[in-house]
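All chains, full assembly: derive it from the sequences and hints.
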Amino acid sequence: MKQLQIFEQVIDRPSEYCWLLKTQTHRKIIGYLCSYTPEEIIHASGALPFRIFGHADSTIRADAHLQAYCCSLARMALEQVLSRGLDFLDGTVFSHTCDTMQRLSDIWRLNSGLALHFDVVLPSKLNSESAFRYLVDVCYQFKKDLEAAFRLKITDEQLSESIHLYNLIRQGLQELYHVRSQHPGAISGKEMDLIMRAAMRMDREEFYQRIMDVMDHLKREASMKCAQNFKRLILVGGVCDQPNLYGAVEQAGAAVVWDDLCVGSRYFQGLIDENADPIEAIAKRYFERVICPAKYRDPNFRGEYLARIAREKNIHGAIFVMLKFCDPHAFDYPFLKDHLDQVGIPSLRLEIEDPQLAIGQLQTRIEAFVEML
Amino acid sequence: MANQRAEDHAAQERLKIKSTGLMKKIMKRYYFQAKMAHWLRKKVAWITSGGPVEPLLAMNVIPIYPENHGAMIGATKMGGALCETSEAMGYSRDLCSYARADIACSIVKGGPIGGLPRPDFLVCCNNICGTVIKWYEIQARFYQVPLFIFDTPFNHAEMSPAAKRYVQRQMQEYIEFLERVCRKKFNEAKFQEVGLRSIQAQRLWQQVLDCCAHQPAPMSAFDAFFHLALIVTLRGTKVVIDYYSQLLDEMRQRIEQNISAVPNEKVRLLWDNIPIWYRTRWLSDKFSQHNACLVADTYTSAWSGVVHLIDENHLLDSMAVAYSSIHLNVSIDQMFQKIAALAQKYHVDGVVMHSNRSCKPYSFGQYDLQNMITQRLNLPVLIIEADMADERNFSESQIETRIDAFMEIFE
Chain A
1 MKQLQIFEQV IDRPSEYCWL LKTQTHRKII GYLCSYTPEE IIHASGALPF
51 RIFGHADSTI RADAHLQAYC CSLARMALEQ VLSRGLDFLD GTVFSHTCDT
101 MQRLSDIWRL NSGLALHFDV VLPSKLNSES AFRYLVDVCY QFKKDLEAAF
151 RLKITDEQLS ESIHLYNLIR QGLQELYHVR SQHPGAISGK EMDLIMRAAM
201 RMDREEFYQR IMDVMDHLKR EASMKCAQNF KRLILVGGVC DQPNLYGAVE
251 QAGAAVVWDD LCVGSRYFQG LIDENADPIE AIAKRYFERV ICPAKYRDPN
301 FRGEYLARIA REKNIHGAIF VMLKFCDPHA FDYPFLKDHL DQVGIPSLRL
351 EIEDPQLAIG QLQTRIEAFV EML
Chain B
1 MANQRAEDHA AQERLKIKST GLMKKIMKRY YFQAKMAHWL RKKVAWITSG
51 GPVEPLLAMN VIPIYPENHG AMIGATKMGG ALCETSEAMG YSRDLCSYAR
101 ADIACSIVKG GPIGGLPRPD FLVCCNNICG TVIKWYEIQA RFYQVPLFIF
151 DTPFNHAEMS PAAKRYVQRQ MQEYIEFLER VCRKKFNEAK FQEVGLRSIQ
201 AQRLWQQVLD CCAHQPAPMS AFDAFFHLAL IVTLRGTKVV IDYYSQLLDE
251 MRQRIEQNIS AVPNEKVRLL WDNIPIWYRT RWLSDKFSQH NACLVADTYT
301 SAWSGVVHLI DENHLLDSMA VAYSSIHLNV SIDQMFQKIA ALAQKYHVDG
351 VVMHSNRSCK PYSFGQYDLQ NMITQRLNLP VLIIEADMAD ERNFSESQIE
401 TRIDAFMEIF E
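Chains A and B, in that order, are what the protein sequence lines are. Residues in the first sequence are numbered from 1 upward in steps of one, following the working numbering. Residues in the second sequence are numbered from 1 upward in steps of one, following the working numbering.
Since the hints were made in silico from the structure, they are not lab data. Every value quoted in this text rests on a predicted model; they were computed, and no experiment measured them. Think of the CB as a built atom: it goes at the ideal place given N, C-alpha and C, for glycine as much as any other residue. Some hints could be false.
Claimed, not checked - Which residues of chain B face chain A? A partial, calculated answer using Cβ under 7 angstroms:
#1 Lys109
#2 Cys129
#3 Thr131
#4 Arg281
#5 Ser331
Have a look at this one:
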């Protein structure tokens, strides 16, 4: 799809995109690693929130700071900053997620050489009034920290504008997901992945315009593409830094029609109330959003959610994309698999140690899995 | 010859810490009681090692520590087999070995004491890691019992007023939770009593550890790993105070009589991270051969390191803050400050770090700490790669070579 070319630069050549943006607009750019980062507040400050993914050619520099049993996301993110590949960032924000990210924040602060560092220590449990109050406090503090760092004031109007834009973007992404679910193949998995990643990096106004173009295009084309008889798959996990996976799935005669990923549906689920106090409203969205396994709501939540979503989306099979050494997801796996088994949905676990490795071996397993469905 | 043997035997006996026997008895009684809890009509709660246990004791609930159980599993070398069982259930081998062993134990009722007594409810405090939340969720589903999460925000810098409010509010919620699951009112007076005893026990434990500042040290960190069990499992009870008072007396006597843990102590080392439970004896002997004594560690002092933050007149509120401030819940820079203080207090010549596959919050950052220690404290650092309870992750020859090479620095 030619409408997608615009998204490629910010994913494949982020330095180029970001330096150009900085020279043209003098905008600050703030890096982040987790979908729990309240980026609306960053955006309202005028800065561009830029999500860091686990892509790096080697981990030579990061290996001096992180042991071999650390996940590739943390190692590769660290490698990027240590090899000066993220020099366009003015700073980074770490929102509290897992044990690894918690320590990575310290290592990053001590070694990245970036001017600014923020820790937004969100609550780990999202099921009580006191946790919500604390989350609101943390968001207010983050706003204050940004104001101090950039020597400016973030007004309620700016916050409301950002909230409005983010709501439009999230609705747009959700709509694209629905098209993908109703017309598998209309938009390939790799293309959707590219859009999602661009959503977390590109200038958000521009991004919104561009996905509207994509949507128009799809509305014209979608009906033609839905003839094929795809097996409908859901991807489950955290990040999926393996875009080739989608190609392998499609080659096997299946299509990813939904996901429970933090670079996927968890990113756009839940809108922000535009009529409430902006910071409280932002906090409320993060509080109520579908949780990731590093957050606690109720011990059964994720299993019930996954089984429900899988039924709603008429899923034939699930692929767990597990990043090796990712504890929260690995702990949930047997329980989630169990819930899927109970509703008769077979699943496949793929453990990914190094996203840079060839897809070959995974491809064989994916083919065998799809054949079985 | 016979005389020589008798003398050697006497020398060996002199070295032994006499309180050890009593300690074993106390632990046996504790687990026996816990196993009989339901027969005694007492409730059992599983709680994380760094969790606020005092309110439980005030409610007459028997606390059980799966992590202490994990350490026992490790020490009895049953970790590998139990971990394998959980791996067959779908749990990745890369997960925490305490959690893997415990999850397996619930099902097969294996391990050194045939499994832990069934919990009536669970209390999980994430001041030590995020892993415990996942682990306790699994147990909450398995046993179908209520779970209370005590959420202690991580301190990358000083603890924020918002975080303080949050944990103090949770202390109230915790008590409300206990009142609900125990179906009785919280006993303030009893809590006060338990709290004061807990503080006293923590201070006594610290005094025991402090004895190792003496040169030569009357006990080693390996001994501390053993005697630690009471401050973890029974703090708040009288038996801990009696026991540590006795142990403290014994340590003072050893100092007077010049009895040291390592007979010919020449090198004093600091240990970082959870012990390698299935190899404590081997490691202790290994370092002794080099006339090295591990005189201090960052692990056993975790149960007394924040006692100064507890205000006897505002027990609940100050405890909430203290529990949130422990060694594992602070940034690498703050951990370094702690290590620097320990190094100075105990006059150490080097540091041994256990890079523990099972414990990411304890282990990630060790490479940076290593640099800070060598550069700012001018002390050599040895890093050993292993695991606390899964003996399959221990490479003896490799570790032996590394220790031998490290010890050459001091010759």
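Verification of the hints:
The beta carbon of Lys109 of chain B comes no nearer than 19 angstroms to any beta carbon in chain A, farther than 7 angstroms, and the hint placing it at the interface is violated. Restraint check, Cys129 of chain B versus chain A: the minimum CB separation of about 5 angstroms is within 7 angstroms; hint holds. Interface hint status for Thr131 of chain B: upheld, as the beta-carbon distance to the closest one in chain A is roughly 6 angstroms, under 7 angstroms. Contact between Arg281 of chain B and chain A, as hinted, is not supported at the beta carbon level, the nearest pair being about 26 angstroms apart and thus beyond 7 angstroms.
Because the closest C-beta pair between Ser331 of chain B and chain A is about 5 angstroms apart, less than 7 angstroms, the hint holds.
Figure legend: structure checked against the earlier numbered hints; hints not met, in rising order: 1 and 4.
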